[in-house]
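**Student:** This is what each chain is made of:
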Amino acid sequence: MADWNAASGPSWSNGQSHLPSPSPEPTEDTFPDDLDNERTDPISQLVKAWTIERCSPDIMAFEGELVGKIMGYLDAQAKLIGVLKVDGASEEDHEKIGLVQMEMDRVGWLLRSYIATRQEKLMRYTSYINSTPAIQTRLSVAEQTLIESYQQIFEESLIRDVVGNLPEELQALDEVLPDGRSMVSQPDLDKAVFIRAKQDCGPVLMPDGSSLEIKKRGIHLISYRVVEQLVLRGEVELA
Amino acid sequence: MALPANLMRSPLPAELEFIALQQTDVLIRPHFSMGKIRLLSGSYGPFRATANIEVPLWVGKYMKQQGKCSLIPPVWLNVEWLEEKLKQEISRPEEFAPLPFRFAEVSKVFLDIAPDDVPSPERVRSLLKDLREVRQAKTRKGLALLDEMELRMTGLGSMEINELRPFLIRAMGAMRVLASEPEVPASTADNTFATSMDDGW
Numbered sequence: 001m002a003d004w005n006a007a008s009g010p011s012w013s014n015g016q017s018h019l020p021s022p023s024p025e026p027t028e029d030t031f032p033d034d035l036d037n038e039r040t041d042p043i044s045q046l047v048k049a050w051t052i053e054r055c056s057p058d059i060m061a062f063e064g065e066l067v068g069k070i071m072g073y074l075d076a077q078a079k080l081i082g083v084l085k086v087d088g089a090s091e092e093d094h095e096k097i098g099l100v101q102m103e104m105d106r107v108g109w110l111l112r113s114y115i116a117t118r119q120e121k122l123m124r125y126t127s128y129i130n131s132t133p134a135i136q137t138r139l140s141v142a143e144q145t146l147i148e149s150y151q152q153i154f155e156e157s158l159i160r161d162v163v164g165n166l167p168e169e170l171q172a173l174d175e176v177l178p179d180g181r182s183m184v185s186q187p188d189l190d191k192a193v194f195i196r197a198k199q200d201c202g203p204v205l206m207p208d209g210s211s212l213e214i215k216k217r218g219i220h221l222i223s224y225r226v227v228e229q230l231v232l233r234g235e236v237e238l239a
Numbered sequence: 001m002a003l004p005a006n007l008m009r010s011p012l013p014a015e016l017e018f019i020a021l022q023q024t025d026v027l028i029r030p031h032f033s034m035g036k037i038r039l040l041s042g043s044y045g046p047f048r049a050t051a052n053i054e055v056p057l058w059v060g061k062y063m064k065q066q067g068k069c070s071l072i073p074p075v076w077l078n079v080e081w082l083e084e085k086l087k088q089e090i091s092r093p094e095e096f097a098p099l100p101f102r103f104a105e106v107s108k109v110f111l112d113i114a115p116d117d118v119p120s121p122e123r124v125r126s127l128l129k130d131l132r133e134v135r136q137a138k139t140r141k142g143l144a145l146l147d148e149m150e151l152r153m154t155g156l157g158s159m160e161i162n163e164l165r166p167f168l169i170r171a172m173g174a175m176r177v178l179a180s181e182p183e184v185p186a187s188t189a190d191n192t193f194a195t196s197m198d199d200g201w
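Top to bottom, those sequences are chains V and W.
Under the UniProt record's numbering, the letters of the first sequence match residues 1 to 239, in that order.
Under the UniProt record's numbering, the letters of the second sequence match residues 1 to 201, in that order.
Keep in mind the hints are simulated off the structure, nothing from the lab.
Among the hints, erroneous ones may be present.
Said to hold, decoys possible - Which chain W residues face chain V? A few, computed with CB under 7 angstroms, are given here:
| no. | residue |
| --- | --- |
| 1 | SER41 |
| 2 | ASP117 |
| 3 | THR154 |
To be verified - A few chain W residues that don't get close to chain V, going by computed Cβ distances all over 10 angstroms:
| no. | residue |
| --- | --- |
| 4 | LEU3 |
| 5 | GLN22 |
| 6 | THR24 |
| 7 | LEU39 |
| 8 | GLY67 |
| 9 | PRO115 |
| 10 | SER120 |
| 11 | PRO121 |
| 12 | ARG123 |
| 13 | ARG140 |
| 14 | GLU150 |
| 15 | GLY155 |
| 16 | SER158 |
| 17 | ARG165 |
| 18 | ILE169 |
Said to hold, decoys possible - Just so you have them, the derived chain V footprint on chain W, three or more residues with Cβ under 8 angstroms:
| no. | region |
| --- | --- |
| 19 | 51-65 |
| 20 | 126-135 |
| 21 | 171-177 |
Even for Gly, the Cβ is constructed at its ideal location relative to N, Cα and C.
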């Protein structure tokens, strides 16, 4: 195990506001950051979900409730804009409409990117997911429908164009080679990820039996499997 | 559409900037007045000319670009603070000086859209560049410590992590494979080699 920093690492002390005072006091190392003042609004939650999905090798549970809530908000904001425009907007209203529209665009981008990230994983691991009920519970209904029909189309085409022309003993699509390699690809949970600890975490058990202390603000490159529970509990974030 | 494979490996710098704009707050000094506005990420305002107010960085950027406010740089984005950190970065070769996690993204936004709100922007820019170079040198040295288990890199910023990510994750994967392979006893290996040499030649 390697320790990049010799000392116990920098510590930024807590503060009251997450914004530093406007007059610069360059003497101190101590300024608060996002970890001292975590945002809980729905958009920040979506950012969190996006980051985890993007950085984790696994397929995470779909944030259906959150996505539904945000879609509802987007509808409401769109209606509000419609009303404001019909009523003949004042200059101040124009200003507000601009901001609201900008935010809707930003949130729309985040949602699309979040869903596209999941889709990439779903299509890469289709046949693994279809044969693993535990993973299927993490998918939305639309996603389940997607991978069912995707696998069907994919296999039909594979059999028609390639596999069907091979000798029968070579036609399996889910063969496992003697060395353990499988035709069905599945997420590599041992893959390394970057974590940033949101709080002091207890000692973490490493694969070789040693234990690792993870301190608040600690940044580690580490196997996803080792920290999976910490990620799911939200004690560390993926970076 | 599924996300393109190259984006799956690592987020783009532009995407990290998007996240920083969303998740960072900034003090602005409005040049106008406007009532309270309710956005999905929270309610802001009322805005009054010359009364500083805290908003998400993307709101500040939007207003700044319309000439409706000035941005007030965070406490760490100035010559004195950065000079101090550069000194610290050089005098403590074993650790990264503590910079805000998204310092690269936030300072880029400020220097891109509001250089007139940052005192001595050129000096700030060059200090940020110096800091980056000292930290990169440390990163390169630190690579020697990489093993298949874990690497502690406390103090790195999100953009720095992103730069290292594709290489380090692959490298650690390769080391894991090497570590898990059963070691071939040296004598056997030598014999095999010798035999094949005899056969072949």
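**Student:** Please go over all the hints and tell whether each is borne out by the structure.
**Tutor:** Each hint, compared with the structure:
1. SER41: holds (4 angstroms)
2. ASP117: Violated: closest Cβ of chain V sits about 11 angstroms from ASP117/W, beyond 7 angstroms.
3. THR154: holds (4 angstroms)
4. LEU3: It is violated; LEU3/W is separated from chain V by about 4 angstroms at its closest Cβ, not greater than 10 angstroms.
5. GLN22: Check fails; 6 angstroms does not lie beyond 10 angstroms.
6. THR24: Per Cβ check, THR24/W is inside 10 angstroms of chain V; nearest 8 angstroms; violated.
7. LEU39: violated (5 angstroms)
8. GLY67: Answer for GLY67/W: holds, closest chain V Cβ roughly 12 angstroms.
9. PRO115: Given a closest Cβ separation of 17 angstroms, the condition holds.
10. SER120: Holds: least Cβ distance 12 angstroms, greater than 10 angstroms.
11. PRO121: holds (15 angstroms)
12. ARG123: Answer for ARG123/W: holds, closest chain V Cβ roughly 14 angstroms.
13. ARG140: holds (12 angstroms)
14. GLU150: GLU150/W not clear of chain V: closest Cβ-Cβ about 5 angstroms, inside 10 angstroms.
15. GLY155: For GLY155/W, whose nearest Cβ neighbour in chain V is about 5 angstroms away, the distance does not exceed 10 angstroms, so it is violated.
16. SER158: Label violated. Min Cβ-Cβ 6 angstroms, cutoff 10 angstroms.
17. ARG165: violated (7 angstroms)
18. ILE169: violated (5 angstroms)
19. 51-65: Check passed, 5 qualifying residues.
20. 126-135: Violated - the region 126-135 of chain W has 0 residues with a Cβ nearer than 8 angstroms to chain V, which falls short of three.
21. 171-177: Held - the region 171-177 of chain W has 3 residues with a Cβ nearer than 8 angstroms to chain V, which meets the minimum of three.
Checked against the numbered hints given earlier, this structure breaks hints 2, 4, 5, 6, 7, 14, 15, 16, 17, 18 and 20; the rest are met.
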